[in-house]
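Q: Sequence:
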Amino acid sequence: MVILGPPMNMKHTFLSFLVVLGFQAASGQELDFAKESVRQAYSVGVNIGRGLVNQGIEDIDRVALLKGLNDAVDQIETSMTPDEMQTTLVALSRKIQEIQSQKRKQQAEENAQKGAVFLAENKKRPEVLTTNTGLQYEIIKSGAGASPQPSDKVSVHYKGTLLDGTEFDSSYKRNKPSSFPVNRVIKGWTEGLQLMSPGSKFKFYIPSELAYGKNGSRSIPPNSTLIFEVELLEVMSEKPPTPPKPKVVTSDIIKVPSKEGLAKGEKIKIIKSEDIEKEIEKNKNDPKSDK
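With positions in the sequence shown counted from 1, the corresponding number in the working numbering is that position plus 73.
Incorrect hints may have been included.
Stated by the list, open to error - Capping the alpha-carbon separation at 30 Å, the derived lysine-lysine pairs in DSBU-like fashion look like this:
1. Lys176 with Lys214
2. Lys274 with Lys196
3. Lys176 with Lys187
4. Lys287 with Lys226
5. Lys197 with Lys140
The set of hints was computed from the structure by calculation and includes no laboratory data.
Quick caveat: nothing in here was measured; it's all calculated off a predicted structure.
Could you build the full structure based on these sequences and the hints that come with them?
A: What follows is the structure in structure tokens.
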């Protein structure tokens, strides 16, 4: 957890004031939020408190917390040795990891169950189609033209939400379409895009195993079923590279016979540039020619 504080020359005064405010709040004294110093200290306190709660530390001893702040700010001897505090913090870090791991596991199980129930009901709707992989999609608007292939690059507008309606991504909000190769996205997208034509708009209902799975991502919880509205704007097919043009010979060539040819009396021959192609064809068709 990183807390942005005041400049270094204000640090001691600011933290001292923060501790004083803590004791005032604990004793029920009224805080004057018209003062900027009070507002700053309170904001830092809320930041610390929320950070602790987000990490699963909800039963912290507030008196001990304030005493630790006070001892550090006053630069007096602490009630625990540095080694003791280091050992305690390592144990606390392990506890936090265990709490977060357990919460994530529980969240993954709940999301998987919710996703299965949603997809089972959603597929009953007549407008929803389901593929062999379990991808569900709905055609909002039809398009025309060839569907993209895995190696093609596409340009799309899209919006992604969780089952509860939480929006986690949107190219519409960025006011800029996204472009990427079809085979470089999650499996549900790769499959779904190949069902579309330029100008079409689909709604994808993607099971977690075709999305981010049990690991999730930064903004997507584990085992989340995802809903995307996707508008295929353009398909940019990968064109094979243009073969290099053959080099054009612009000067004459001197053809020197082999040693055996010279012994037989063959002469050195100068081939004009305009006759080179004819000479090549002649040699191809003459098995006795000296290639």
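Q: If a hint holds in the structure, say so; if it doesn't, say that too.
A: Hints versus structure:
{"no.": "1", "hint": "Lys176 with Lys214", "in the structure": "40 Å, violated"}
{"no.": "2", "hint": "Lys274 with Lys196", "in the structure": "19 Å, holds"}
{"no.": "3", "hint": "Lys176 with Lys187", "in the structure": "16 Å, holds"}
{"no.": "4", "hint": "Lys287 with Lys226", "in the structure": "28 Å, holds"}
{"no.": "5", "hint": "Lys197 with Lys140", "in the structure": "61 Å, violated"}
The earlier numbered hints that this structure contradicts are 1 and 5.
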